[in-house]
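Engineer: Heads up: the sequence shown begins at 1 in the UniProt record's numbering, then just goes up one per residue.
No lab work stands behind these hints: they were computed from the structure.
It is possible that some hints are incorrect.
Taking lysine-lysine pairs in the BS3-like style, the calculated list, with each CA pair at most 25 Å apart, reads [as the list claims (entries may be wrong)]: (1) Lys384 - Lys351; (2) Lys511 - Lys384; (3) Lys923 - Lys776; (4) Lys874 - Lys677; (5) Lys677 - Lys792; (6) Lys967 - Lys677; (7) Lys969 - Lys935; (8) Lys951 - Lys719; (9) Lys951 - Lys935; (10) Lys859 - Lys599; (11) Lys877 - Lys890; (12) Lys607 - Lys565; (13) Lys618 - Lys599; (14) Lys890 - Lys677; (15) Lys792 - Lys923; (16) Lys923 - Lys890; (17) Lys967 - Lys719; (18) Lys384 - Lys354.
Here are the simulated distance ranges between beta carbons [as the list claims (entries may be wrong)]: (19) Gly534 - Thr704: 41 to 47 Å; (20) Ala500 - Asp422: 40 to 46 Å; (21) Lys877 - Gln326: 19 to 25 Å; (22) Thr766 - Asn978: 29 to 35 Å; (23) Gly534 - Met73: 52 to 58 Å.
Glycine included, every Cβ here is placed at the ideal spot set by N, Cα and C.
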Amino acid sequence: MASLGLKRASTSRLVKRALSTTPRSANLSQEQQKPPIKINDLLATISAESKSRNARLDKAGKIAYDHGEGQSMERRSYFASDVDAEPGLDWRSVGIAEEIPGLNVGRVVECRRSGQVSIGLILATILVMDRPRLLLLRSTGEVWPISSNDVQFVMPSSLVPRSLAEECWSPEQLQSWSDSSEATVGLPSAVAAPPPEMMEARRKVSLLLRRVQRETEKMCQKLRGGVFKQGRVGGAEAAYEKWASEEAEERKCITAVEAAEYILNPQAGGKTGTPTTEVKPNTLPAYAAHVLLMSRPDMFISDQTDMWATGTYVVRSKPEQARIAQLQEWVQIAQKPGADGVESPVRTFVKKAKIVLDLARKTREETAGQHLKPLQHNLPEWSKTDLDIISCLFAYVAETRSTQLTPFLSLSLAITRLILSDPQIDRGTVTVMLQELGTILPWDSLETARIVEADRNAMTTTSVAGHVRGDDELLKGNELDELREDFSHHKVFVIDDATALELDDGIAVEKIAGSDDVWVHVHIADPTRYIPPGHELARQAFVRGSSLYMAEGSMPLFPTDLIMKEVSLGANVERDGGRQGSMVFSARVSKAGNVEDSKVRMGWVNKPRVVTYASVNKALGLPTSSYTRPFGGPSTSTEPPMPEITAEDAAELRLLYDTARNLRARRFATAGYEWSKPSASISLPHLPGRPNPHLFSRHHLLSTPQLFSGSLPVEYCVKTPVEGIDAGSLVAEYMVLGGRVAAWFCSERNLPMVYRASAAPSPVATSQTLEDLLAKRDPETGIIDAFATLGKGWYRPAGYISLQPEEHWIMGIVGESKGYVRATSPLRRFDDMLVHWQIKAALARQAGLSREHVRGFEKEDIVRMAQKSEEGVKRAKRAGMVSDMFWQTKVIGRNLRSETWPLPEGWGKDETAVDVRDVLIGKVTSAPENAASLKGELTTVRLDQLGVTAKVLHPAGLTWDMGEEMKVKLDLAEEWPNPRIQGVRLV
Numbered sequence: 001m002a003s004l005g006l007k008r009a010s011t012s013r014l015v016k017r018a019l020s021t022t023p024r025s026a027n028l029s030q031e032q033q034k035p036p037i038k039i040n041d042l043l044a045t046i047s048a049e050s051k052s053r054n055a056r057l058d059k060a061g062k063i064a065y066d067h068g069e070g071q072s073m074e075r076r077s078y079f080a081s082d083v084d085a086e087p088g089l090d091w092r093s094v095g096i097a098e099e100i101p102g103l104n105v106g107r108v109v110e111c112r113r114s115g116q117v118s119i120g121l122i123l124a125t126i127l128v129m130d131r132p133r134l135l136l137l138r139s140t141g142e143v144w145p146i147s148s149n150d151v152q153f154v155m156p157s158s159l160v161p162r163s164l165a166e167e168c169w170s171p172e173q174l175q176s177w178s179d180s181s182e183a184t185v186g187l188p189s190a191v192a193a194p195p196p197e198m199m200e201a202r203r204k205v206s207l208l209l210r211r212v213q214r215e216t217e218k219m220c221q222k223l224r225g226g227v228f229k230q231g232r233v234g235g236a237e238a239a240y241e242k243w244a245s246e247e248a249e250e251r252k253c254i255t256a257v258e259a260a261e262y263i264l265n266p267q268a269g270g271k272t273g274t275p276t277t278e279v280k281p282n283t284l285p286a287y288a289a290h291v292l293l294m295s296r297p298d299m300f301i302s303d304q305t306d307m308w309a310t311g312t313y314v315v316r317s318k319p320e321q322a323r324i325a326q327l328q329e330w331v332q333i334a335q336k337p338g339a340d341g342v343e344s345p346v347r348t349f350v351k352k353a354k355i356v357l358d359l360a361r362k363t364r365e366e367t368a369g370q371h372l373k374p375l376q377h378n379l380p381e382w383s384k385t386d387l388d389i390i391s392c393l394f395a396y397v398a399e400t401r402s403t404q405l406t407p408f409l410s411l412s413l414a415i416t417r418l419i420l421s422d423p424q425i426d427r428g429t430v431t432v433m434l435q436e437l438g439t440i441l442p443w444d445s446l447e448t449a450r451i452v453e454a455d456r457n458a459m460t461t462t463s464v465a466g467h468v469r470g471d472d473e474l475l476k477g478n479e480l481d482e483l484r485e486d487f488s489h490h491k492v493f494v495i496d497d498a499t500a501l502e503l504d505d506g507i508a509v510e511k512i513a514g515s516d517d518v519w520v521h522v523h524i525a526d527p528t529r530y531i532p533p534g535h536e537l538a539r540q541a542f543v544r545g546s547s548l549y550m551a552e553g554s555m556p557l558f559p560t561d562l563i564m565k566e567v568s569l570g571a572n573v574e575r576d577g578g579r580q581g582s583m584v585f586s587a588r589v590s591k592a593g594n595v596e597d598s599k600v601r602m603g604w605v606n607k608p609r610v611v612t613y614a615s616v617n618k619a620l621g622l623p624t625s626s627y628t629r630p631f632g633g634p635s636t637s638t639e640p641p642m643p644e645i646t647a648e649d650a651a652e653l654r655l656l657y658d659t660a661r662n663l664r665a666r667r668f669a670t671a672g673y674e675w676s677k678p679s680a681s682i683s684l685p686h687l688p689g690r691p692n693p694h695l696f697s698r699h700h701l702l703s704t705p706q707l708f709s710g711s712l713p714v715e716y717c718v719k720t721p722v723e724g725i726d727a728g729s730l731v732a733e734y735m736v737l738g739g740r741v742a743a744w745f746c747s748e749r750n751l752p753m754v755y756r757a758s759a760a761p762s763p764v765a766t767s768q769t770l771e772d773l774l775a776k777r778d779p780e781t782g783i784i785d786a787f788a789t790l791g792k793g794w795y796r797p798a799g800y801i802s803l804q805p806e807e808h809w810i811m812g813i814v815g816e817s818k819g820y821v822r823a824t825s826p827l828r829r830f831d832d833m834l835v836h837w838q839i840k841a842a843l844a845r846q847a848g849l850s851r852e853h854v855r856g857f858e859k860e861d862i863v864r865m866a867q868k869s870e871e872g873v874k875r876a877k878r879a880g881m882v883s884d885m886f887w888q889t890k891v892i893g894r895n896l897r898s899e900t901w902p903l904p905e906g907w908g909k910d911e912t913a914v915d916v917r918d919v920l921i922g923k924v925t926s927a928p929e930n931a932a933s934l935k936g937e938l939t940t941v942r943l944d945q946l947g948v949t950a951k952v953l954h955p956a957g958l959t960w961d962m963g964e965e966m967k968v969k970l971d972l973a974e975e976w977p978n979p980r981i982q983g984v985r986l987v
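Kindly produce the complete structure, drawing on both the sequences and the hints.
Structural biologist: Written as structure tokens, this is what we have:
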């Protein structure tokens, strides 16, 4: 099967992570095998130098050392930008967690956050308030709880013997921390110093860590040296000169290994071929190159995902880097004493910006609540230099990772201070200013631009082009039609929301003569009928991972015209007699909910019945969710017409419903559960247009301030979930069934495949058992109260991927029926397409057919693609969540700041209206977190009236049970830089 063009240098180690013997998908303990390094003194790795380590350490003189578990200033600086309030973690809720493959106990790692760098030894993987953290032993003796996201580089596994690492730590220390009276003030001072043997082991490790630091500095100096005879600079600048593009919008990628090899082989002159000196991953030269590249964020951007695993950087273009240098010069001129009267690009922009801000703020105050419309003005256009400055401000907003400080931080703050009198300027202040300057549209949460920028960098690091080739390079669609079975005589129901465009699943039921069993056929749309693995549409889908859904506009995985014209089930197709190709996952189901047989085929469907959840609920008399509008809404609303459901349709749907209930009851018989809670949904009924997807690109900025009068109406609804099974649950059950059938097919044929799995929760500090937890579920539906799943003392392992079918406990897929893959949403997720390609290749081989485009993927390719697409799925999921929170916070903030926020014309308030300035009832969903700067603690509560969560400030030392109610008074709701709602507890 055609490759997706992955760059082996940046992904091969991801394969090792997933091919580990552990089911948790990753292990870097076995390094890549390459020829040995050829110059001993210059390039000797720390691993090679440690052969007689123990003897040398024993002879070494004593060093000043302490067990150092207090909070140093260095530690406070490191965690300064921690969004999870790391220094405030509650150590009364702590336990041992499973090791993160590749970040195993005994690995020496480099970590970065808040502009701080630290090297340390991983002592253990623990859970603090259900958050996985690595305990890092530093050379000073301090032990820090760091996130795996902080890790940027991993040293060789042989650097520190695991036995020595284990001598540095004992799980009993967790208990002493948990019992400490300082348990909510960060990592507490130990009740007692570690025993002498542990102190001695830590001293040995400290010596080694300090040596790593010294050797790293020596190697960095060597790499900076350059070659004067050739007129060639060294260090990061040499690598940049070699890799950076001359095209303004083109970015390239480089690894630390590539940079080290290039710098250490000046005689090669950049020519291709085997270098004289070869550098291995994880070694000293690679680490030194990493340090140098990280020190030049104006040239190199570190990988946004697992930097420690990929070692990959995005290389800024030369015009982009030159623009940064120019901006630095402009800012320096503007900041010189007496520069107020001196004309300079920055000062000129500041004058314009103040005029625009005055008009924008005056208009906002005078027209709040009126219909949103463009404001006619005679403001001057932004000049080229103005747009360069605006681009700098946007870059500061876009580059948010604290592991590598952006070069735009100081520039943006300096420029903003010349415009605003606000003494506290941060990323949120700059973002609000950009919107007031008319560069961010009123209907833009910035998540569209963020996801486009993240996808752009992801495509760069995987060598995927950003353009789409012509339609003539798509498949004709008939290449495997001879394998399709005709299901045209079946009535296939496609059940979805009335507004859904990507209709990728349908279900049909077939009675069996003389038996109570039925065949259920799950029909799935077949985009792989037209899209081969090597096509640019596939490559882009591979990087993006999934569709993105937001109130301000969705981003489908594939072009909408392709989806609607051919592959979305129910599309009006003209070819093949009006039939559509589908992938069919069939199961014979007994009345007891057991799957007695299963089949996977390629099929034909003809004019499926497209109906809505609402119409099915009404036809079958099923429970429906209730909705409230806490801030009002349109006085009159028009519901979309319900598709007609005949009596014959209703009979088949009833049979499907009863079968789904039986399947669900059987699935949740001994494992798994589901929960739901009131949730807020947002709609923008009068959306004027789409957000600018390329807002972070200098060349896509508009030259005229886009100002508006009035306010954007935002409809805010709170959905209370149903207590039982409705049409949505019916469809979901059959999608689970489809994924199980697909997994069984792949497992029986040993097809390379990535399976989804999860382990059962386990009690670590509670007298409850797993059986006690399961007993709290509804026995028929598996539904449990959400607060029952949040109790303290439980270890709740995250889901994971495996190359073998395993139990997916949380979904109730256990025992002999284990195995689950994603296979039922190929129009929305790349993973599902991957499953379809593998299945088609197997079906073709089974039929004795040989087709170039259906040869199937090897195991390493499957893992690499699954992991990369999973990164895209996470980006899309996060963007959707942040967008929702943005609009929820905006509406709450409007009503919090104004006692009488005007309703749009034609809107009214319901009986369920909520005054957010009044006392609200919150239900506790987390343990308290220390908030020293606020002189108290913060506890997360759920506000069911609003369908959101909020942080509540209260005096230290108070605790609540999960779900316990408290009175809350909201005092903060801000959209940027990160949406948040905050309040105080009332007694």
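Engineer: Against each hint, give a clear statement of whether it holds in the structure.
Structural biologist: Hints, verified against the model:
1. Lys384 - Lys351: holds, 15 Å
2. Lys511 - Lys384: Answer violated: Lys511 to Lys384 is near 70 Å, above 25 Å.
3. Lys923 - Lys776: holds, 19 Å
4. Lys874 - Lys677: holds, 22 Å
5. Lys677 - Lys792: holds, 19 Å
6. Lys967 - Lys677: It holds: about 19 Å lies between the C-alpha atoms, which stays within 25 Å.
7. Lys969 - Lys935: holds, 17 Å
8. Lys951 - Lys719: holds, 21 Å
9. Lys951 - Lys935: Distance of about 14 Å is within 25 Å: holds.
10. Lys859 - Lys599: holds, 24 Å
11. Lys877 - Lys890: holds, 20 Å
12. Lys607 - Lys565: Holds, at roughly 14 Å.
13. Lys618 - Lys599: Distance of about 32 Å is beyond 25 Å: violated.
14. Lys890 - Lys677: Holds: Lys890 and Lys677 sit about 21 Å apart, inside 25 Å.
15. Lys792 - Lys923: holds, 15 Å
16. Lys923 - Lys890: holds, 22 Å
17. Lys967 - Lys719: holds, 22 Å
18. Lys384 - Lys354: The hint holds at about 18 Å.
19. Gly534 - Thr704: 41 to 47 Å: Given range 41 to 47 Å: holds, Cβ gap about 42 Å.
20. Ala500 - Asp422: 40 to 46 Å: holds, 44 Å
21. Lys877 - Gln326: 19 to 25 Å: violated, 38 Å
22. Thr766 - Asn978: 29 to 35 Å: holds, 32 Å
23. Gly534 - Met73: 52 to 58 Å: Holds, at about 54 Å.
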